[in-house]
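Using the sequences and the hints given, assemble the complete structure.
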Amino acid sequence: MIKMSKFKAICFDMDGIIVNSEPYHFKATQLALIKYGVKYSNEQGKLFVGKTVKDTMTAICKENKIGNVNQIIEYRESLFFEMLEKQIQLREGILDILKLIKSKNIKACIVTSGLKNYMTKVIEKFDIGDYFQTFITLEDVNNPKPDPSPYFKAAKALKEPPHLCCAFEDSTIGIQSAFLAGMYPIAIPGPETKQDNFYLANEQYEELYKIPHKFFLKNFN
Numbered sequence: 001m002i003k004m005s006k007f008k009a010i011c012f013d014m015d016g017i018i019v020n021s022e023p024y025h026f027k028a029t030q031l032a033l034i035k036y037g038v039k040y041s042n043e044q045g046k047l048f049v050g051k052t053v054k055d056t057m058t059a060i061c062k063e064n065k066i067g068n069v070n071q072i073i074e075y076r077e078s079l080f081f082e083m084l085e086k087q088i089q090l091r092e093g094i095l096d097i098l099k100l101i102k103s104k105n106i107k108a109c110i111v112t113s114g115l116k117n118y119m120t121k122v123i124e125k126f127d128i129g130d131y132f133q134t135f136i137t138l139e140d141v142n143n144p145k146p147d148p149s150p151y152f153k154a155a156k157a158l159k160e161p162p163h164l165c166c167a168f169e170d171s172t173i174g175i176q177s178a179f180l181a182g183m184y185p186i187a188i189p190g191p192e193t194k195q196d197n198f199y200l201a202n203e204q205y206e207e208l209y210k211i212p213h214k215f216f217l218k219n220f221n
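My numbering applies: residue 1 is where the sequence shown begins, and numbers increase by one.
Just so you know, not all the hints are guaranteed correct.
20 Å max Cα-Cα, derived PhoX-like pairs, lysine-lysine [to be verified]:
| no. | residue 1 | residue 2 |
| --- | --- | --- |
| 1 | K65 | K35 |
| 2 | K39 | K62 |
| 3 | K54 | K116 |
| 4 | K39 | K65 |
| 5 | K102 | K218 |
| 6 | K27 | K54 |
| 7 | K86 | K125 |
| 8 | K104 | K8 |
| 9 | K116 | K51 |
| 10 | K99 | K210 |
| 11 | K156 | K54 |
| 12 | K194 | K6 |
| 13 | K51 | K27 |
| 14 | K8 | K156 |
Taking CB as the label site, the calculated pair distances span [said to hold, decoys possible]:
| no. | residue 1 | residue 2 | range |
| --- | --- | --- | --- |
| 15 | K6 | T58 | 39 to 47 Å |
| 16 | Y209 | N68 | 40 to 48 Å |
| 17 | F81 | K102 | 25 to 33 Å |
FYI, nobody ran anything at the bench for these hints, they're computed from the structure.
Cβ coordinates follow ideal geometry from the N, Cα and C atoms, glycine included.
Below, the structure is given as structure tokens:
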């Protein structure tokens, strides 16, 4: 575990941390697969939390011997983006944290396994772009989470060494990525991941709004 020290920046996962999108990722995948006669359970969905849409759909299609993966992904994405417009909301507590760290001039970055066009839609819908100095998406790395590449790239973009950066994640895959990059990983699980073992996390909170303000006031220069 990384020792607590004065930090310079915070990296935020997007799905499950910035927005409550995980249930809708599951639903979009489930509906897309129904069209092809494949059942997709909640337990199966939990196995893919934190993974990219492409990796998820490729694995499912391979297991069920379905061709035309790209066609299924396109259909699945159309369903998901409709949900984004109508149903997906900011996770409770995130806006208060973003306002607080901006008031303290703490640098912030979104580090997502999603595509840039998806992240852009989220930022525009909730008007949160000004809270972040930089963004790392799937297109920016060769290897997504749990590889440390996304967080190495984030630290470089923030112009801070990884050990002076915190990472807020809701999945074990994301926590592993931040840990391997040398950051200070903090787990805030969602309903899909609350039973997971976050043994690589330095800290764990039930909800974003339960992170005390003194954490940000005490641990950042």
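Now for the hints, and whether the structure bears them out:
no., hint, verdict
1, K65 x K35, "14 Å, holds"
2, K39 x K62, "14 Å, holds"
3, K54 x K116, "14 Å, holds"
4, K39 x K65, "13 Å, holds"
5, K102 x K218, "15 Å, holds"
6, K27 x K54, "16 Å, holds"
7, K86 x K125, "11 Å, holds"
8, K104 x K8, "11 Å, holds"
9, K116 x K51, "15 Å, holds"
10, K99 x K210, "16 Å, holds"
11, K156 x K54, "26 Å, violated"
12, K194 x K6, "28 Å, violated"
13, K51 x K27, "15 Å, holds"
14, K8 x K156, "13 Å, holds"
15, K6 x T58: 39 to 47 Å, "42 Å, holds"
16, Y209 x N68: 40 to 48 Å, "43 Å, holds"
17, F81 x K102: 25 to 33 Å, "28 Å, holds"
Hint violations for this structure: numbers 11 and 12, all remaining hints satisfied.
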